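A.B. asks: Protein chains in written order, with this note's numbering: chain A, 1 to 482; chain H, 1 to 385; chain L, 1 to 176.
If you are wondering where the hints come from, they were derived from the structure by calculation, not from laboratory data. Remember, it's a predicted structure, so these values are computed and weren't measured experimentally. Note that CB positions come from ideal geometry on N, CA and C, so glycine has one too. The reader is advised that the hints may include incorrect statements.
Straight-line C-alpha distance at most 27 Å; calculated DSSO-like pairs for lysine-lysine [claimed, not checked]:
hint : chain 1 : residue 1 : chain 2 : residue 2
1    : A       : K164      : A       : K296
2    : L       : K26       : H       : K149
3    : H       : K77       : L       : K26
4    : H       : K77       : H       : K63
5    : H       : K14       : H       : K67
6    : A       : K437      : A       : K296
One side of the interface only, derived from the structure: several residues of chain L facing chain H at Cβ under 7 Å [to be verified]:
hint : residue
7    : F8
8    : P52
9    : M56
10   : V59
11   : V68
12   : L71
13   : M75
14   : P137
15   : A139
Quick list of the computed label-pair ranges, beta carbon to beta carbon [what the hints assert, rightly or not]:
hint : chain 1 : residue 1 : chain 2 : residue 2 : range
16   : L       : V20       : H       : K149      : 27 to 37 Å
17   : H       : S147      : L       : G21       : 13 to 23 Å
18   : H       : A336      : A       : G405      : 52 to 62 Å
19   : A       : A37       : H       : V299      : 55 to 65 Å
20   : H       : L70       : A       : D156      : 40 to 50 Å
21   : A       : A441      : H       : S351      : 52 to 62 Å
22   : H       : I85       : A       : I18       : 47 to 57 Å
23   : A       : L458      : L       : E153      : 37 to 47 Å
24   : L       : F48       : H       : L39       : 45 to 55 Å
25   : H       : N106      : L       : I3        : 25 to 35 Å
26   : L       : V73       : H       : A195      : 30 to 40 Å
27   : L       : L144      : H       : F300      : 35 to 45 Å
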Amino acid sequence: MTIEPFAPVHLLAVLPEILLVVLAGVLITADLALPAARKRELGLYAAVGFGLVLGVTLLVTLPTVSGGLIFGGMLRHDLIAFAFRVLFLFAGVVTALIAVDSPTIGKEGEFFLVLTAAVLGMNLMAAAADLIMLYVAIEMTSIGLYALAGFLRENDKSAESGLKYFLFGAFTSSLMLYGFSLLYGFTGQTNLYNLAAALTGLPLEASLLALLLVLVGFGFKVSMVPFHFWAPDVYEGAPTPVTAFLSVASKAAGFAVLIRFLLAAFPGIESIWTTLIAVIAALTMTIGNVIALTQKNIKRLLAYSSIAQAGYMLMGLAALSANGVSAILYYLGMYTLTNLVAFGVIVLVGRVTGSDEIADYAGLSRRSPGLALALLVAFLSLGGIPPLAGFFGKFYLFTSVMQSGLVWLAIVGLVNAIISLYYYLIVLKVVYLGTPKDEAAVYPVPRPYQLALWACALGVIFVGAVIGPWVNIAAAAAGGLF
Amino acid sequence: MDIAWYRWVEWLVKAIISTVVLLAGFAYMTWAERKVSALVQTRIGPNRLGPFGLLQPVADGIKLIFKEELIPAGANKAIFLLAPIITVVPALIVLAVVPWGPPVANFYGPGEDLPLGIADLNVGMMYILSVTSIAIYGVTLGGWASSNKYATLGGLRSSAQMVSYELALGLAVVGPLMLAGSMSMLDIVDAQSFAPGQWPWFVVIQPLAALIFYIAGLAEVNRAPFDMPEAEQELTAGYHTEYSGMKFALFFMAEYIKMIGVSAIFATLFLGGWQGPFVYQVPWLGIVYFWGKVILSLVFMIWTRSTLPRLRYDRLMAFGWKVLLPAALVNVMVTAAALLGDAVVLGAVLSVLGVVVVGVIFFAFARRRQPARRPRPAASEATGP
Amino acid sequence: MTIELVLFFLLAVVAIGAAVGMLLSKNAVHSALFLVLNFATVAFFFLFLGAPFIAMVQVTVYAGAIMVLFLFVIMLLGAEQLRQPSTVLPWQPPLTVFLAVVFVGAAWLYFANAGPGSLAAPPPFATAEAAGAFGSPQAVGQTLFQTYVLPFEITSFLLLIGMIGAVVLTRDDKKR
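Extracted from the complex, chain A is given alone in its bound form:
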């Protein structure tokens, strides 16, 4: 793949990123300028800002399917990067909306500023085509997320969450960096698309060693086994909007990088890494689902559920086909919508009951039918019940794996989907059939939440009901990589 010489039109390709930097400047200035009584508007500015950037992205930066290498080979401006970018910006909008009325973080300008930076980093992660660009983008995302996870310093759990995330993250990212440096050392190349050719002449061990080290870093991001230990503690301790963002955007960014990196840099050892990924996928979903069965805290439950979901998505990568990758894309899209609904409900319930224990969700349907319904939609979709998006996502993934001949993996996935139904349904049972502890509890739903929850919940239904266009987009985006 050749690197296009710089042309001013390339600036349009990074326009969303430029606008995000501007948004960061606006937010920090607004934080300084707004009087204390109006600080609530900061989150709205952030949400509107992300929304505007999303609009600009959709209107201006639509690339060709296969795209080209721009900025000296630092970025590849292709459809898959575009799709991920839309996903991240959407997650940014929703996260900002559900953080607006939070009593702890809603009025902190720095929170939204760092959130903007994390989204910016993810955008670049999805498009990065060069080891150096990739590393800078990953660090941008990670450092932002460390700060967000530990944002509530007075809260021990949040502080623990931030520190754990940071320690795990720093350790894995140093191993990943070692892998990058080996790749550069072996080949003298930093561009992903030049690595493959340069690696072919080298012994197998070289690629394998680099692959393993690099997988550590990416595996941490997508929380795949055995690099998943951080997820439950971090998810539980972090402020809930941050958990929502972590569970969707950070994971999606990890997948964006994983897909591009493995396909671009290691075609020479395809057979090895697909087997490796297949085994890891099976382990990840099984361990995630089995441990989720025993959870009492809903944030921890969703943490293990998200580990399991990562396992499903890894199947698509193991399939090593355009179908597999497009299934991952579709699944990520629906997973983002679904998880955001779930976490939106958790934020609201947690604010009233002051806890995240599943037992405290008893009888939610009687006190707030709307929230209970949203939770129902989300959990049924996560469990893969037919009319919702989750069902088709799983179906598409399993088919792609079968097409590639990995029948055993599809069976493992199917068994896991059934296991997972059990714990999703238990939560729903508590919500619909339990008796509320406090018969008079009121669950206020402020307007930003209504917007976010409605949009996402309708999205879950819509994406599941009208499959065609989404699958076409996902297939086109995935096609650019093969």
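Since the structure of chain A is already known, use the hints to place chains H and L on it.
C.D. replies: Chains H and L alone, transformed into the frame defined by chain A:
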């Protein structure tokens, strides 16, 4: 590499001359400091030993050599001994890249010039910055190894100060570097020849950079009004409280040699170095011009010290970070934009800077009007919002 | 043996000695100083390789700026004494051995494939001029501001965010 034997001799001789000049310079700087301060404060100053007290430094040296050398009981001995050395060595070698004059053409024979500087690196300025950054260790470690609270505090203060001002110093240097288009000190001096196609002395076109460099340089060598590390009213004598005899003398020496170093670099970067009338015809004149400028700058430093009171520590840090560093950045941006020669770019940079400056001033005043800030809501929830 | 080779071996001994000293020192300040020595020696290696700019940056940034901050933290926390028995985790030594083996393996892979003409050998310079300019401030600047301009700019934003994050996580609310 085959290098003619006389080159080795030349390097050796030049290194020895440079060291001797710096050591003698140190001795007479102490004399000059006392004489000039005396002049400012209408006293007489040292006048007993030799004409005008010129032998005073010799007497001081003899006294220091015969003083008892104390090592505190709790001190970390190895580092305690190492610290003065780490302080002096960078001070002595920093001038290696500063040219004293233009090369003397055909000194050894046709095509064999004699450069009047120890070395001309193409990264000369980086060399100076890296050597000065090492010098911080001596002061910090000396303070820490003494295992004395005042000394440790003095050491930490000084390193914080040096690290902070090093940024402004480094950025102030960028202006001349960009104008000369090189990091070699020889090229920088050559660029300031007033000749057509060249620049005048950089102090004329980079006055802001020169001012910042001078102030940051004072702070870098811990001179008044920035002599925080040894503020005797607060810290007895700062990092060298526990030092005595020759080890104390080494710290003392380093301070004065660093003064000479900063002055020499200032003269090179902003006052045209060895530039002066007829210097290209008679290269040896360059040495006279160069050292004349250095002495001028040194006298100015002593003058500053005897005139200005010491800054308070927090003011000092605020000044470094909030005034000098942004000013140096602005200088770099404007210089770069102006060098591009594109009116649109320059206009854009200037207008953006204008907006930023106005905004900062506006917010500074808005802050001042409402000093009390809102109390932060207590974290009442167990987890999450 | 040329004079460069003699100097190289001398410095190599110093560098390795400093690295070992850093690991074995019982005093954190000594460790930090050994690390400074190691960095300075590495800077000399860069000089031998004809990259004076990188050498100076190595001294300024690593030995001069970063290690001063290390010393600061050690001194302010009073954390000079290392090696209490509890600071070594039980799985640390085996992990170290494993990682060391991995490292040696990686190095061996590299050197086994680093013969002339192989992929691991650096590509030859296009012109004599390019060889002369290698590692010069101009060459470094042009690479940094042309090919890598985007990561460079993003890094500046990254540092800003890191700074803001650090301030957010450490500021003392009670004093506000």
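A.B. asks: Any of the earlier hints contradicted here, and which numbers?
C.D. replies: 5, 7, 15 and 26
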